[in-house]
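Engineer: Going down the list, the protein sequences come from chains F and V. So the first sequence is numbered by my numbering: it starts at 13 and just counts up by one. So the second sequence is numbered by my numbering: it starts at 6 and just counts up by one.
These are calculated hints, taken from the structure and not from any lab test. There may be inaccurate statements among the hints.
[To be verified] Sample of chain V residues facing chain F (criterion: CB under 10 Å; computed from the structure):
1) P155
2) S157
3) L158
4) E160
5) A161
6) A162
7) S173
8) V176
9) R179
Please read these numbers as outputs of a predicted model, since none were measured by experiment. Glycine is no exception: its CB is placed at the ideal position from the N, C-alpha and C atoms.
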Amino acid sequence: MAPPADARLQFETVRLTALYGRRAVVKDVSILFPAHTVTALIGPSGSGKTTFLRCLNRMHELSEGGWITGKVLLDGEDVYDPSVDAIRLRRRIGMVFQRPTPFPTMSIYDNVAAGLRVNGGRPRAELDAAVEGALRRAALWDEVKDRLRHSALALSGGQQQRLCVARALAPEPDVLLLDEPTASLDPAGTQHIEELCHELKTRYTIVIVTHNLQQAARISDYTAFFHLGDLVELGRTEELFTKPTKEQTEAYITGRFG
Amino acid sequence: MTGLVALLSFLAVLALVLILGDLVARGASSLDWSFFTKNPVPAGESGGGVANAIVGTVIIVGLAGLIGLPIGIGTGLYLAEYGSGRLGWMVRFVADVLNGTPSIVVGIFAWTWLVKPMGQFSALAGSVALAVLMVPMLARTTEEMVRLVPHSLREAALALGYPRWRTSLRVIARTALAGIVTGCLVGVARIAGETAPLLFTALGNLNFSTSVLHPMQTLSLQIYVYATGPFDEWHRLAWAAALVLMGLVLLLSLAARWAIRQRHGAAR
Chain F
13 MAPPADARLQ FETVRLTALY GRRAVVKDVS ILFPAHTVTA LIGPSGSGKT TFLRCLNRMH
73 ELSEGGWITG KVLLDGEDVY DPSVDAIRLR RRIGMVFQRP TPFPTMSIYD NVAAGLRVNG
133 GRPRAELDAA VEGALRRAAL WDEVKDRLRH SALALSGGQQ QRLCVARALA PEPDVLLLDE
193 PTASLDPAGT QHIEELCHEL KTRYTIVIVT HNLQQAARIS DYTAFFHLGD LVELGRTEEL
253 FTKPTKEQTE AYITGRFG
Chain V
6 MTGLVALLSF LAVLALVLIL GDLVARGASS LDWSFFTKNP VPAGESGGGV ANAIVGTVII
66 VGLAGLIGLP IGIGTGLYLA EYGSGRLGWM VRFVADVLNG TPSIVVGIFA WTWLVKPMGQ
126 FSALAGSVAL AVLMVPMLAR TTEEMVRLVP HSLREAALAL GYPRWRTSLR VIARTALAGI
186 VTGCLVGVAR IAGETAPLLF TALGNLNFST SVLHPMQTLS LQIYVYATGP FDEWHRLAWA
246 AALVLMGLVL LLSLAARWAI RQRHGAAR
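Okay, chain V solo, but in the shape it has when bound:
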């Protein structure tokens, strides 16, 4: 039995090691300064980089976080503190359904509601789609984290003469903060790699653009275009871009780990 479990976990780790190893083997050689600082060059030419995609990823994911984090955390707090009634049940149900919705479906809705009325593809539409994906996840994680705070702490605050809202924010949310931050980082890491909902919202852009009302490139979209293209040069760049994206997600995960460790740290 122990052997079997060990074998299975070995397989799981093996898959990860193979993916990471392959990425590094095929992508690392293409990583140089110009890869990070130059924009893509026309097909057929060699060289060029993904500067536009890196900046685009940061903008789109950042904007998605700006929209999604407050809504998601707020919803989670509401569910944990006041969500015992019918409304809470409904919100929870909707969040769970939304959590299981394929991301491409969310992309279609973002296209219907934002891209079509606005008349063009935009980074903003992409951010909204990603935010919609993030909110239910954040809401449920935040709720779980807040629920982990012992009931006795809430009682202690109330017995001290804390009003209820102040108890929620100053004592409960603060105690759960490390967990909530971890949830946020995991949520952001998860949407950073999304491609499907961006295909018909942010669309992609071969040029450098920082205008959120226009199409914008992201690493995931760039990988999609390069990897499905016919040129060897593109494939090479796709591997490198994949490595960069993986690195970004890894960085966020590490930050999440660090946040968890802070949970048991000193008060200040």
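The shape of chain F in the complex, shown without the other chains:
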């Protein structure tokens, strides 16, 4: 087993601006994500929070016309430095999307192993252990251990999403990015994912985009409120929700707009 993620992991953005062509959708945002915490990104639709998240593992640059200025520092190294291989970087930063995206042609086992196999061959026993470990951490092992060879599509939506979490965890990333991971799940599936966040932050640094304010309040240590591409307010979650310093933040969390 790989050792737990480095406790001193440094992950932050410095004056990050994300653009589509000439239009900036994230403006000059600097956030430090403390290691082993959950940071929630909240804000109305179009606030740039998802784009911001996609800049962290260089997915934004794959969108048509997507580019950035500023820096994203992982352990002091700018992930946008020309010497950094985006493909290798994405193996250090796992991501889970809004809708479950299991690979439909692969079995449950192969889905979880996918990110490991892309790194080159490994002994069978090692692969088995890594898959089991990832499924356990995603709280899915007990439900699927007897049907690892079955299609991933046979799982329920909530199970599929946890499978995607397991798939993201298998390569032992340092950071886990969650883009509204419960948006398409029922309450039980949502609760599962939220409980996972609590457990996973002991090993990983988690950044989660959510539309659900209660969810942000329940699971995050820090919350960042985005509006129209600006980072309006960043603070400890309980403070931001109880004593917001900006009027815009208060208006949003009390439901007056957004």
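With chain F fixed as given, assemble chain V onto it according to the hints.
Structural biologist: Chain V in isolation, oriented as in the chain F frame:
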């Protein structure tokens, strides 16, 4: 309105049933073991079969598939994955024009480029002509099938640290595989019945031949010769050959259906 639509679909099915029924009624009685195992006999004699034409069809269509499938599928993958630019637009345009080109025109070109320089008619020239007919169809079908794969799957693979080419092959193409296979089977079924482009390429051959550099018989060519000939015996054989050809195409279509159903099957 419902009645009208029902009537029209009844007419469509009726045509199919009539053709199939007529084929079976007139052709089935001539189908016996020697029909499949014997070669044609000289005009005037009775008996004989179409063994050479069946083998020829398999060889020519197989060779056409060998040439056409990789090119067609590759082109389709390219169009779907990288075909957003000018070159992609051009390839797509050419494919669409080629798709609408009458097959006899393709045959003429195969004659000009292959038969004439090589100095003789050949099965190979026929296969190339059929492959040319198949490529644009396959390219467009493959492109459609690959485009049906949700964008989110591509993103998921890339976010896992998959290089782009590996994403295309391992995730996207594999997910679209059942659709692509279906497209291939439909494409092969479609060219299996072609006659016009073979008239001046494979030419036809009354004897048994497996040499792709020489003229070769196919079922479609055999039907053409027999059906337009003056002898009742030939007409009888033409019906039987038509039934066999129809059966082959039907078999391929069934295989295509089966492949579609596999799309939603288990992972292994």
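Engineer: Determine for every hint whether it applies to the structure shown.
Structural biologist: Okay, the hints, checked on the actual structure:
Evaluation of the V/P155 hint against chain F yields a held restraint, the C-beta minimum of about 8 Å falling below 10 Å. Interface hint at V/S157: satisfied, since its Cβ lies 5 Å from the closest Cβ of chain F, which is below the 10 Å cut-off. The criterion of a C-beta within 10 Å of any C-beta in chain F is met by V/L158, whose closest approach is roughly 6 Å, and the hint holds. Taking 10 Å as the C-beta contact cut-off toward chain F, the hint placing V/E160 at the interface holds, the least distance being around 7 Å.
Satisfaction of the interface hint for V/A161 is found here, the shortest Cβ-Cβ separation to chain F being roughly 4 Å, below the 10 Å cut-off. With a cut of 10 Å, the hint placing V/A162 at the interface with chain F holds, because the nearest CB-to-CB distance is about 7 Å. With a least beta-carbon distance of about 13 Å to chain F, the hint placing V/S173 at the interface is violated under the 10 Å criterion. With a least beta-carbon distance of about 6 Å to chain F, the hint placing V/V176 at the interface is held under the 10 Å criterion.
Checking V/R179 against chain F: minimum C-beta separation of about 5 Å stays under 10 Å; hint holds.
In this structure, only the earlier hint numbered 7 is contradicted, and the remaining ones agree with it.
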